[in-house]
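A.B. asks: Spelled out from the first residue to the last, the chains are:
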Amino acid sequence: MNLDLSPSEIAFREKFRAWLRENLTDDLKWERVADLSHSGAWEARRGFERRMGADGWLGVAWPREYGGQGATLLEQVIYQEELVRSGAPALTSSVGLELVGPILMEVGSEEQRHRFLTPILLGEEVWYQGFSEPNAGSDLAGLQTRAVLDGDEWVIHGQKVWGGFAEHADWGAVLARTDPDAPKHRGISFMIVPMKAPGITVSYIKEMTGGEHLNEVFFDGVRIPRENVLGPLNQGWRVANRLLGYERGVMTLPFATRYERFWEKLRDFASSNRRRGERLSERPHIRAALARSYVDVQMMRLANLRWLTHYLRGTPPAEETSYMKVYWAQAHQGLGDLALELGGGAALGLPGELETLAAGAFSNEWAFSRSTTILGGTQDIQRNIIAERILGLPRA
Amino acid sequence: MNLDLSPSEIAFREKFRAWLRENLTDDLKWERVADLSHSGAWEARRGFERRMGADGWLGVAWPREYGGQGATLLEQVIYQEELVRSGAPALTSSVGLELVGPILMEVGSEEQRHRFLTPILLGEEVWYQGFSEPNAGSDLAGLQTRAVLDGDEWVIHGQKVWGGFAEHADWGAVLARTDPDAPKHRGISFMIVPMKAPGITVSYIKEMTGGEHLNEVFFDGVRIPRENVLGPLNQGWRVANRLLGYERGVMTLPFATRYERFWEKLRDFASSNRRRGERLSERPHIRAALARSYVDVQMMRLANLRWLTHYLRGTPPAEETSYMKVYWAQAHQGLGDLALELGGGAALGLPGELETLAAGAFSNEWAFSRSTTILGGTQDIQRNIIAERILGLPRA
Amino acid sequence: MELELNEEQGLLQSGLRQLLEGACELRRVRRHSYDGDGRDPELWKELAEGGWTASGVPETLDGGGLGFEEAAIVALESGRSLLHQPLIETLLAARALQRAGCKAPLSEIAHDGASATLAVLELSRDFAPDPELPRARSTQAGWELSGEHFGVPFGPLAQRCLVEAELESGEAGLLWVSTDQTGVGWREVGAMDRTVRRYALTLEAVEVPGECGAGAGDALGELPDEWRVLLAAQTQGACARLLEMTVDYAKKREQFGRPIGANQAVKVRLALAAAAVERMLAAVYHAALKIEQGASDRGRAAAMAKLETASPGAEVATQGIHVHGALGYTWEQDVQLFAKRIKTNEILLGSDADCLERVARTIL
Amino acid sequence: MELELNEEQGLLQSGLRQLLEGACELRRVRRHSYDGDGRDPELWKELAEGGWTASGVPETLDGGGLGFEEAAIVALESGRSLLHQPLIETLLAARALQRAGCKAPLSEIAHDGASATLAVLELSRDFAPDPELPRARSTQAGWELSGEHFGVPFGPLAQRCLVEAELESGEAGLLWVSTDQTGVGWREVGAMDRTVRRYALTLEAVEVPGECGAGAGDALGELPDEWRVLLAAQTQGACARLLEMTVDYAKKREQFGRPIGANQAVKVRLALAAAAVERMLAAVYHAALKIEQGASDRGRAAAMAKLETASPGAEVATQGIHVHGALGYTWEQDVQLFAKRIKTNEILLGSDADCLERVARTIL
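Chains as they are written, first to last, in numbering that gives the first Met the number 0: chain A, 0 to 395; chain B, 0 to 395; chain C, 0 to 363; chain D, 0 to 363.
Quick caveat, the hints were computed from the structure, so don't treat them as lab data. Fair warning: this is a prediction, and the values are worked out from it, not measured in the lab. We treat Cβ as the ideally placed atom computed from N, Cα and C, and that holds for glycine. Certain hints may be false.
Footprint (simulated), chain A over chain D, 3 or more residues, beta carbon under 8 Å [unchecked claim]:
no., region
1, 0-14
2, 94-105
3, 243-251
4, 254-267
5, 281-290
6, 343-357
This is chain A alone, in the form it adopts within the complex (with noise of 0.2 Å):
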């Protein structure tokens, strides 16, 4: 065992790190630049992306033959983590490289890699991605968008939520009913939207921090040619399901650095701040509460460096993404939960609204905490596929 980097691990992330130093200004940084309804977030953020692009530090995962570095999981990781290290924006780019660029190599025709894959790895063209509707979240396959042909087009009705950048994008990678008929999972066709046509309107989605990232997607008769199918006919849930998955269960490998760095600003807080004469993190119970935080926060860390091992030794990612998941959720909300005891009254405002401690960040990462048992895929649906795929339980 060891927890070292090889060399060639390490000259990779200084590499990255070199760059995003040279090109990661502070006016760039996550904060500056997170809400969209500022004037210019969107362009600063996509100018960096393209720069990314242009300097290939845009789908690194991607195989070489696609233009990507190929990069092994642990320097996926190692790019991530120094994403978030660095301060850098979350890439708007994000939906194009992990799952539509992946989709496309494995089941896209020739003319649609040809089109849309050099784009994404550019930064140049943004994807929106259009999966969960208002009554189809958990049960993704209840999804009632459909798709009808008309001629040599596709007439698409329907409505998606939950998806980001739906307003910016230049594609949307959308899931619709192309079989009314078929059994549930086995009608849907996984479609090319040009999200500019006309008969798509996107309007935002409030959220309880009072953010708003997320959109809904209205399909008014919007008309795509009938080539613009993404692998075959009527299998698109297989594909996207496949992909969602173990995907999203690897992603949560990174967060752990993001939890470190903001349990280091609950540390810091509590070292520098008294409550009732005494500093915080002399207060016995706040020294036990940071430090099982830490130790939270690590472990999901050293759990999935476990499975990455295993991921590295060519045994490909799958429900032990569940795990992960289970982790994920429970350093998340901890850390949510200590933030406010720490902060007090004091941390109880949200972001924006007047003066609140560190402009909001505290509560706010409570309430954002909330949502973590419920993003990719519920706790509940997590703990079933444990009990059910990995311990053999017998379905009800």
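Starting from the known structure of chain A, fit chains B, C and D onto it as the hints suggest.
C.D. replies: Only chains B, C and D this time, still in chain A's reference frame:
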């Protein structure tokens, strides 16, 4: 609102307390007679109960017409609390008093009442409860013990578990399948079985704690008279089930008194013992844990008192007894865990196993409390009852 | 032995609930608290006309003369309705004023329907590291008051503020100021729960008439415990409503062709939440009774009520959000409004650790 | 980056598992530990022949020369099999002896297949309020040792005991005694987990040859952390086996016409238990690696491994008992045997609070 007893309730309490002071000598106390394998323990307990019976202190809840005191529910709680406080042993008559007696009054024949009620009330006959079976625990109605009519006698074959006092009992209240062709809830009858009858074999089940209180009872062609059916034929399950559910919930009311006493033991231990040079009750996390446990026990009591108020006002016990069982398990398991945390290594022995802290009381409580989520309807079943019958959530 | 509302108290509760269900639905709360300036004088007027705003003033001074058990009922309903008005604060102020023997302010509450908030050190400490009490210098006309307080609920949205201050004697005092009088400054600070906005208060040589202040003595000592119990009651009410909303949702929302509430995992979540909510109510009743009786263990009972509602309340809220799925995380869904009130009440006036130590001191 | 056994380690593990599955089934554990006198020399002999008992002795001294990662593997398997022999104690003793430079005792372990246990202050403190170290007076032949220790695992069931003592210099020392030599007294104390019986040790002028003792220095300092990690590993192994048994039971046991494991509530319990068991393994590997490396944060890693296995382990055990229903509470069912080992390991060598403070000291 008030938490005070009325003058008549106080008088009731004082009267019983005085009786116990006079009659419950040290050699009769729980620690001395709990283990029935000790010679004389059974006889001591029986003698004490016969004295209770003779002086009218058994079946205080029974209506006056059947020889009881017609005690209110609150008086019943006071009665149970005083028994616990006094250090009296658990009553060997409880199955007769709390289960068989009420059933006899409700559905028994005139002859049956005449034959059985008074001996129960006088502490002269002990009843065994033969309900659960190896393959019928939570799913009690799935029981397989069968009674077949042969002329004027029922012939019983089967196996029961988890009842107590079987070796000593005079009578058994045994659920048996009398109509194998009926749906499973409808073919069960409530049989009155003389426990000394030929064909009955009793063995003990050793518990995790090392104690042996529960029995396995085998019925191998046991013959009983045709009239020894309690209540209508084939409706035994309904009769048993109605009484079991609610009564067992209300039964948890005086448990809080037992837990208060045990909590006091823990507090005293923490106040008078040191670890690593520091008095336990001065360590912040121990203080917090003791307070948490105190609150938990008190809240179990208070939540129950609120429902008791409803019962005293005339609403009969119903599904909220499932809440009581949830609090019960929480309070008890919390105490068990705390006991071992406080006692440390010195508490890790079992009762009777050489020198261990307070003769193994702490570890014993920990082990015993593991059973609290299982007994009298598992926690899973209680939660289902709350969800479906109180909150009205749909059955799966 | 009675640990439940009596018939009269039950009527009181249903009266207030009816009023609030009519006058204070959640759309109105949102409109005034989130989209508006926080003021809602019509609702206050309705509450005053119903006798609720003066219910803490003794009958001899023309108030409702309600006891503390009834105050807890008011707080329960204020939580259930997510009331965005300083009703429990006005009740608490009236009780403290009565104990301090300040009759003029009580008359304003009873006769003018004045609303009030409270600025006390115990709460300031939740918002600032080492706050100092404002100082009250005696003048010919009464007092002159200067200093700061933090985290004051409602602030200028209430008409009066009962201010804890240090008198020249070194004794603590309670002084009654108008929230808009000269020298009184308010600075809104962020509030996750916008239905109870929070303010920092600055006092610069504020003049207080003689009859509007007094040495506090016991009047103040009782206040934090009473407030803790009313916050606990409010949380219970909020949790009960949030749970009802969640149960309704679990019955209606379908996934995989059946209501999500048919899943046993959802049942466990909601059953445990319900068990917590029921226990909270017993804790609130118990503490209200102890305070009403002036029992020697009232402080412990108050800490227990806070403990039983604080993190269990936050857990109920978290489960409510979870069961609502992604929708529960949106602004439009009402569970989050309740979650924010519940979480705020958890944090204020004593963390779990503080309350456990309060209990520990009385039993160890 | 590798946080998993390598191929060689995997072979080591499956070798030991195979041996123990054959030689140490639970019936045997019960027979010797519960029904017998606790001794099982045949099993120890088999372990010695397999090279396991000397595996902690360096190769240069004819031992197995296994590192600490491998020691953790041995501990994992000792938990899985509920081994009733002082194998991890002998391993730990060998490591400490090597650090202290005591060659003669190492030879006994390597060549004579001696079994060993440990009597150290850190553990004594879990069993007695304020234990004092035994004193070692130097004599011509070596040392003369007098005093007490508490809670010593296996006690006279092992052949040797490595005793922590205070030397005349005031320095801590480690001395190697035979458990049956003159002046050595053992008093069995209760042990909920009878598979690791516990003893109080009294030493009355026990003579220890010069080559069987040394000033302890670092040899001792490392021992408690190493022991914590091996206890953590043992708990992980025990939890993993207990979980497997419980999952099997949930698949087979039917109620209401279907396996109880088809109930989602049971699934949640077992899924969370499985998640805990997986995390424990990562914590154990991490701590083993840190100790093997002599990393500066090894103490924290050991505390983390203890924390991750202590109360989570007890929770897994509680769930295992619960899912077994009434049967899980009986003596005959095997889950309870594991539960007792797991609970014992939780309590010893640092409670949660202690371990959290150990972690806190390194990060705050």
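A.B. asks: Each hint needs a verdict: does it hold in this structure or not?
C.D. replies: Hints and how they fare:
For a cut-off of 8 Å, the count of residues in the region 0-14 of chain D with a CB near a CB of chain A stands at 6, and the three-residue condition holds. With a cut-off of 8 Å between beta carbons, the region 94-105 of chain D has 0 residues touching chain A; three or more are needed, and the interface restraint is violated. Under the rule that three or more residues need a Cβ within less than 8 Å of chain A, the assignment of the region 243-251 of chain D holds, with 3 such residues. Counting residues of the region 254-267 of chain D whose C-beta lies closer than 8 Å to any C-beta of chain A gives 9; at least three are required, and the coverage claim holds.
Counting residues of the region 281-290 of chain D whose C-beta sits closer than 8 Å to any C-beta of chain A gives 6, which meets the bar of three, so the coverage hint holds. With a threshold of 8 Å between beta carbons, the proposed coverage of the region 343-357 of chain D by chain A holds, since 3 of its residues qualify and at least three are required.
The structure is inconsistent with hint 2 alone, although it conforms to all the rest.
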